[in-house]
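Position chain B relative to chain A; hints supplied.
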Amino acid sequence: MIDFVQNTLDGLAIGSAYGLLALGFTLIFGVMRRLNMAFGPSILVGIFAGAWLHSHWSAGMIPVFLATLAGAVIASAYVERLSFAAIRGDAALASMASSFALWMQLEEAVARVFPQRTYAFPTFEGLPMLELGPLFLRPEYLVMFLTAAALVAGLQVILTRTLFGLHLRTLSDNREAARVSGVNVAQVALLTFLLAAAIGGVAGFLIAATDGQISTKLGMWATMKGLIAMVIGGLGSMRGALIGGLALGVVEAQAQWYLGASGREITTFALLFVALILLPVGLAGGAETGARAEAGRRL
Amino acid sequence: MLAVEALSIRYGRVRALEEVSLTLGHDEVLAVAGLNGAGKSSLVRAICGLSPVAAGRVTFEGRDITGHPLYALDGVALVPEGRVLAPSLTVAETLRLGAGRVRARELDARRTEVLDRFPALGQRLNQRAGTLSGGEATMLALARALMATPRLLLLDEPTLGLSPAAAARVFEMLAALRRDGLGLLVVEQDLHLSLGLADRVLLLRHGRAIGQGPAASMPDARRLEDLLIADTEQEQLIC
Numbered sequence: 001m002i003d004f005v006q007n008t009l010d011g012l013a014i015g016s017a018y019g020l021l022a023l024g025f026t027l028i029f030g031v032m033r034r035l036n037m038a039f040g041p042s043i044l045v046g047i048f049a050g051a052w053l054h055s056h057w058s059a060g061m062i063p064v065f066l067a068t069l070a071g072a073v074i075a076s077a078y079v080e081r082l083s084f085a086a087i088r089g090d091a092a093l094a095s096m097a098s099s100f101a102l103w104m105q106l107e108e109a110v111a112r113v114f115p116q117r118t119y120a121f122p123t124f125e126g127l128p129m130l131e132l133g134p135l136f137l138r139p140e141y142l143v144m145f146l147t148a149a150a151l152v153a154g155l156q157v158i159l160t161r162t163l164f165g166l167h168l169r170t171l172s173d174n175r176e177a178a179r180v181s182g183v184n185v186a187q188v189a190l191l192t193f194l195l196a197a198a199i200g201g202v203a204g205f206l207i208a209a210t211d212g213q214i215s216t217k218l219g220m221w222a223t224m225k226g227l228i229a230m231v232i233g234g235l236g237s238m239r240g241a242l243i244g245g246l247a248l249g250v251v252e253a254q255a256q257w258y259l260g261a262s263g264r265e266i267t268t269f270a271l272l273f274v275a276l277i278l279l280p281v282g283l284a285g286g287a288e289t290g291a292r293a294e295a296g297r298r299l
Numbered sequence: 001m002l003a004v005e006a007l008s009i010r011y012g013r014v015r016a017l018e019e020v021s022l023t024l025g026h027d028e029v030l031a032v033a034g035l036n037g038a039g040k041s042s043l044v045r046a047i048c049g050l051s052p053v054a055a056g057r058v059t060f061e062g063r064d065i066t067g068h069p070l071y072a073l074d075g076v077a078l079v080p081e082g083r084v085l086a087p088s089l090t091v092a093e094t095l096r097l098g099a100g101r102v103r104a105r106e107l108d109a110r111r112t113e114v115l116d117r118f119p120a121l122g123q124r125l126n127q128r129a130g131t132l133s134g135g136e137a138t139m140l141a142l143a144r145a146l147m148a149t150p151r152l153l154l155l156d157e158p159t160l161g162l163s164p165a166a167a168a169r170v171f172e173m174l175a176a177l178r179r180d181g182l183g184l185l186v187v188e189q190d191l192h193l194s195l196g197l198a199d200r201v202l203l204l205r206h207g208r209a210i211g212q213g214p215a216a217s218m219p220d221a222r223r224l225e226d227l228l229i230a231d232t233e234q235e236q237l238i239c
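Just so you know, the protein sequences line up as chains A and B, in that order. The UniProt record's numbering puts the first residue of the first sequence at 1, with every later residue one more than the last. The UniProt record's numbering puts the first residue of the second sequence at 1, with every later residue one more than the last.
Among these hints, one or two may not hold up.
A few chain A residues that face chain B, going by a derived Cβ cut-off under 7 Å, partial list only [claimed, not checked]:
no. : residue
1   : 107
2   : 166
3   : 170
4   : 174
5   : 177
6   : 184
Interface residues of chain A toward chain B, partial, derived using beta-carbon atoms under 10 Å [as the list claims (entries may be wrong)]:
no. : residue
7   : 176
8   : 179
9   : 274
10  : 277
The hints are simulated quantities; they were obtained by calculation from the structure and are not laboratory data. The beta carbon of each residue, even a glycine, is placed where N, CA and C say it ideally should be.
This is chain A alone, in the form it adopts within the complex (with noise of 0.2 Å):
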């Protein structure tokens, strides 16, 4: 039972981390009503530029987060101006196709210029392990925790108190009353995407100081972690995306311990099978999916 509860805090804390990689993807879809699948190469790039600064500079913390953010959000501006400002329309596939092929080509540059297999990147050093009675937290789980919890606080801040989270929700809701209403969408747009970048580049960050090394693999594992949260709480739904996040980093912490690191991922895709199949609006999906329909439906 011990084992259970610890696997189940250790999976909280890296599930957060995949909550926030969800919710990246999340705010994309809800107001572009499009995949971006460069979002996880998006945070390759910032984290190289971080590990480079790190290697060369031996940078300390804060400026290796800083460049971390600063290269996600570079490419993902590069990725939102070729692959959405530029295909316009009624056009979600070429958008996604498009996306993929920069998602080929930023992994690609990564590796040309890294072309180790893996590199160093700093980590959470002399953080003291907490003792919860029998429990164990490492103090990079608990940072990484706290961050995120931080970030969804702002970030509902953000949404809820400020004009630009009020534009972010019109176009999420229905993209015409933004354009009636005077918004001025394509900035709105940009603007959500990097805001996107911004919170993948934290979550970059976290998993990569917790791991201490990082490789140009990084850029598919945080898309598939991240779609697949998404897909598990809910398509378009912020609140899904921290649930989605939060169970498969559970489910991923248990299957680790009782089934070892491939049952885990046997496990994590079995996961995704059965909430496609069995609840495909996701776990917080239904309800919001069915409330907004019906307002819908009524205007």
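This is chain B only, laid out in the frame that chain A set:
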């Protein structure tokens, strides 16, 4: 205040509007009448930059605003066909949306003023727009537009889907807005209502202006409807 000169709109090969011209002054109401597909909505959407302009020019208070998007137009607001609200936003949020980038004090002042016109909305500030009745949703769409403190209000079928009583209330509200100095360009299927409010009327058929003149000199609503339906070409019906 508003001048449209030889405006043409094309959707691919389809000619939605052909060289339509109009003018509209302050505290004046121009009703645009025509059957479905006459180009009324295209005209309204092109004036506020929501539809692409193939040729022609739109000026507002002396400035060329041809093709300018709505968010860049100071003093122009739109009540679109079908109201087009974001269903998950509350009434208060929808009003906030309409105000755009303004300071908190200015926002409060505008909200108070708008809610004085629509007291029913004041009681539903926390209700989601998607749960309002048709009449309330129309009022909210109108209130959202007024939050931008426009000098020119474009209305596209504001009474669509409303009961005759609710439609009459909407037009009472529009009459009050005109008295307060707003210029109104109204696209409306109910000719009886629009002739009762308008100073001038623009008649469209198949994307062309077939007549324009004072509302008082127009035939009554039923006769006008017959003229619009008539399949004969009647260029410059009333000038």
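May I ask which of the numbered hints given earlier this structure violates, with the numbers listed in increasing order?
-> Hints 1, 9 and 10 contradicted; others consistent.
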